[in-house]
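Number of protein chains: 2
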Amino acid sequence: MQANWLDQIKWTADGLVPVIAQEAGSGKVLMFAWMSRESLSLSVQEGKAIYWSRSRNKLWRKGEESGNEQIIKDIRLDCDNDVILIAVEQRGGIACHTGRKSCFYQQLQEGQWVSVEPVLKDPKQMYK
Amino acid sequence: MQANWLDQIKWTADGLVPVIAQEAGSGKVLMFAWMSRESLSLSVQEGKAIYWSRSRNKLWRKGEESGNEQIIKDIRLDCDNDVILIAVEQRGGIACHTGRKSCFYQQLQEGQWVSVEPVLKDPKQMYK
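Quick mapping for you: the protein sequence lines, in order, are chains A and B. Just so you know, we're using this note's numbering here: the first sequence kicks off at 19 and counts up by one. Just so you know, we're using this note's numbering here: the second sequence kicks off at 19 and counts up by one.
Since the hints were derived computationally from the structure, they do not count as laboratory data. Worth double-checking, as some hints may not be accurate.
The list cannot tell twin chains apart, which means a pair is met if one copy fits it or any two copies do.
Stated by the list, open to error - Heads up, simulated BS3-like pairs for lysine-lysine below, C-alpha to C-alpha not over 27 Å straight-line:
#, residue 1, residue 2
1, Lys91, Lys142
2, Lys119, Lys28
3, Lys139, Lys28
4, Lys142, Lys28
5, Lys46, Lys119
6, Lys46, Lys91
7, Lys146, Lys76
Sequences are here, hints too, so could you generate the full structure?
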């Protein structure tokens, strides 16, 4: 059964699928990351977002260091079967490693990227 | 000036950047696509979403056939400078080529992908 729904996903040549994480309720887009077959399967089993870190080349249990876990409320697949959208409850209210709620805090304003969202917590305190 | 903000984006080896399109107001995530340097630059100039079609290998003016254009209200860049989030006003209320509002209409339910959003318009009528 599980293999079946995983097989319907069109994985990249690297065996990954892009994942958009959105805050349940507010609809705020928090971050964008990747999942492997294993990480998506584990995410469903545990009900928490577990990504695949392409830079570290290993499973990345979101919040394992910062405590800012993402509790999964909904999982969607797009029309081309190659992008996942998850709705999550963001523990700590912070998804970004910079200490901001969302990773999308740079807004284009007249030809410049301007940071428009506050740092809610010092990253040094998040990652001890 | 324009070259500057475009240079801050970390483009893929293929010269693209992933783009999440979200409906302004509702926060509904509508679709996921790619933009090239040229298509993003044109999107900003024209105030409408112009993607890069990887399958057709050319500029894709969203809505050019269906009329379902996306008017850009906000453009964000993430913390890693490699993902764009745009807030759009979705003309016609339909972003998906299947005639649904959002491309993310398949919901994971007990090990199965289930279509949970209605087809608002017959695709045959959208693409004559």
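Going through the hints against the structure:
Proximity of Lys91 to Lys142 under the C-alpha cut-off of 27 Å is found in neither arrangement, the shortest distances being 29 Å within a copy and 34 Å between copies. In the homo-oligomer, the alpha carbons of Lys119 and Lys28 lie at most 27 Å apart only across protomers (22 Å), although the nearest pairing inside one protomer, at 30 Å, exceeds that limit. In this assembly of identical chains, the alpha carbons of Lys139 and Lys28 lie at most 27 Å apart only when taken from different copies (26 Å versus 37 Å within one copy). Within a single copy, Lys142 and Lys28 get their C-alpha atoms only as close as 38 Å, which misses the 27 Å cut-off; across copies the closest is 25 Å, which meets it.
Taking the shortest Cα distances, Lys46 and Lys119 sit within 27 Å of each other both inside one copy (9 Å) and across copies (18 Å). For the identical chains of this complex, Lys46 and Lys91 are neighbours both inside a copy (14 Å) and across copies (15 Å), given an alpha-carbon limit of 27 Å. Proximity of Lys146 and Lys76 under a CA criterion of 27 Å is satisfied intra-copy only: 20 Å inside one chain copy versus 47 Å between copies.
Hint 1 alone, counting from the list given before, is not met by this structure.
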